[in-house]
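Engineer: Input sequences plus hints: build the corresponding full structure.
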Amino acid sequence: MITASTLLNSETIAEHEQSPQEIRVRVLRQDAPGEESYWQQFAIPYEPNMNVISVLQRIAAISKAQDGRKVAPVAWDCACLEEICGSCAMLINGRVRMACSSLVDNLFKETPGEIELRPLTKFPVVRDLSVDRERIFHSLQRVKAWVPVDDSYDHGPGPRISPEEQEDAYPLTTCISCGCCMEACPQFNKIEVVQREEESDEELESRKQSAYDQQFLGPHAISQAVRFNSHPTGSMNADERMQSLTGQGGIQMCGNAQNCVAVCPKSIPLTRSIARAGRAATVWAIKKFFDR
Amino acid sequence: MATTSIPEDSFLGRHQFLLYRLFSLAGFIPVGAFLIVHLLTNASVLGGAAAFQSRVDLIHSLGPLLPAVEWIFIFIPMLFHAVMGFVIIATGVPNIGSYSYQGNVRYTLQRATGMIAFAFILWHITQLHWMGAPVGGGQFDPHHAASSAAVALKPVAITLLYATGIIATVYHFANGLWSMGITWGIWTSPAAMQRANWLSLFVGIGLGAAGLGALGGMRSIDVEKAKEIETRMYKARQMLDGGISAEAQQHSAHAVSLSRESSSVMPAGSTSSANKEKRSKKKD
Ligand code: HEM
Ligand code: SF4
Ligand code: SF4
Ligand code: FES
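Residue numbers (the numbering used here), protein chains in the order written: chain R, -19 to 272; chain W, 1006 to 1289.
It should be emphasised that the hints constitute simulated quantities derived from the structure, not laboratory data.
From the derived model, a few chain W residues whose C-beta atoms are all more than 12 angstroms from chain R: (1) ILE1034; (2) PHE1039; (3) HIS1043; (4) VAL1074; (5) MET1120; (6) ALA1162; (7) LYS1232; (8) GLU1233; (9) GLN1243; (10) LEU1245.
Which stretches of chain W does chain R cover? Using the computed rule of at least three CB atoms under 8 angstroms from a CB of chain R, they are: (11) 1020 to 1028; (12) 1191 to 1200.
On a predicted model such as this, the values are computed, not experimentally measured, just so you know.
Even glycine gets a Cβ: it sits at the ideal position worked out from N, Cα and C.
Structural biologist: Okay, structure coming up:
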């Protein structure tokens, strides 16, 4: 399992004494949504301790393909550079990873001197390595991944949470909505709703929302539902979350491949959440049947 | 909040959760339970043609009820599981090329073995079950269980196909048990899932041994000798049935009073035990 922590535990530069002089980068580019994608090669000088973001910064600075042709800079998303904002997930050497925590020296152990970058395949491409991640947040909305506090009254202190409960829930709260788990999940398929001719923006939007509503929530949203249902205040909306978890595109879509837990950069115990949600769904469905 | 409402379009969409859970349950009960009984019954051939024949006789003692039992408890649930299985296979996009983790390999194998099991079971039923007779199959003769199976399974190619089918089906069931435990929330922690692997392994190896043992057992049957045993057993049964009715007629005249007495006390179900008594008397 390659996780951020193992990647960050990179060895010293000394171990890479015969480091290559240059880095050859292959990027799968796409100029706009719905357009054909194409490969482009770049070559930049090697520097120690680079990550994939700094590689992309060097490419943007030269904006020249390997053959010397002047090209538009490669587009990508990033913000925090410390695996917190969740915006920089991409396929690095064929596997989903965070660009900011993927160190070049580590990548060279897989493919010396070369790096291949592709946009995520489960989300619509906006441009080059930048994708439309709306569905990640749409899923969180479906399971109400929050504690509703919609007034300004003082409700007094909330219920107490034991240290054990806290410790149990804490890992789940570290999700950064990066999309890695969804990208690697064989049960999570791409949805790209394309505007039809003479379709208004509103029509397109509602078509997209209902497409998102019907398909698999994804492991992150299941885990957040479990997290908020185990929270004493959050559990007041437990029924609504169970409704979504057992609705169309809910927990039943998971096929137990367990890729999600293997690629999650935050090492969140997603399969534990999925099994807990499965147990809750079993109990909930039986209860619902007999209480009807 | 338009975003939280789930559009309830199709039947499949409205009842998706229920259908998936019924699918999962069907894989275990009755289909998985049947697989266990079936492989263990077949393995009884290792105790000789007579042992196997008496198990088969027990099943066929259901007589005209057998097809109904087969369809309700085996074929229909299996078809439901298989149809849903193909729907589920169609909704996934396997990616072991990029993510060759153990869990993903098992996920992919679960689908591959499901499809192999489907093809194998279809062929297996055609070849041996009486329903396959119209298309040249139906080679299994319930009155000559071991010998007819031995003849059908003898060709090396057939044996190899059976071995493949048995291994695939047993893997599918054993690994399915593990995945089922997650689906229903029986094992939830990674440590518990790890322990559940042992259960799957145990079931898989046990059933695999029973299935392959049965296959080997059938092949090593001495067909002529088995036929002799089976024919003797068949005649004994026929004689019993015929004998009982003849005896009953003979006795009918002077046994009126007796049978009146007994029939008034004996419930309908106890006739078989009465037959058994007669059977043992007959043997003397
Ligand atoms: C005949 C063709 C069959 C097909 C196409 C098929 C297909 C599948 C598939 C795709 C799954 C994975 C579902 C998932 O994890 O989401 C599955 C699970 C399962 N199958 Fe089958 N299967 C077949 C036959 C059988 C047979 C013969 C058995 C029993 C001996 C069986 C028992 C199971 C079990 C126990 C599961 C686990 C359910 C779960 O994960 O909740 N299947 N099957
Ligand atoms: S669960 Fe992990 S992989 Fe999935 S979105 Fe959250 S942080 Fe990313
Ligand atoms: S365990 Fe479920 S959610 Fe996670 S990758 Fe596998 S199928 Fe997807
Ligand atoms: S830049 Fe924020 S997670 Fe990588």
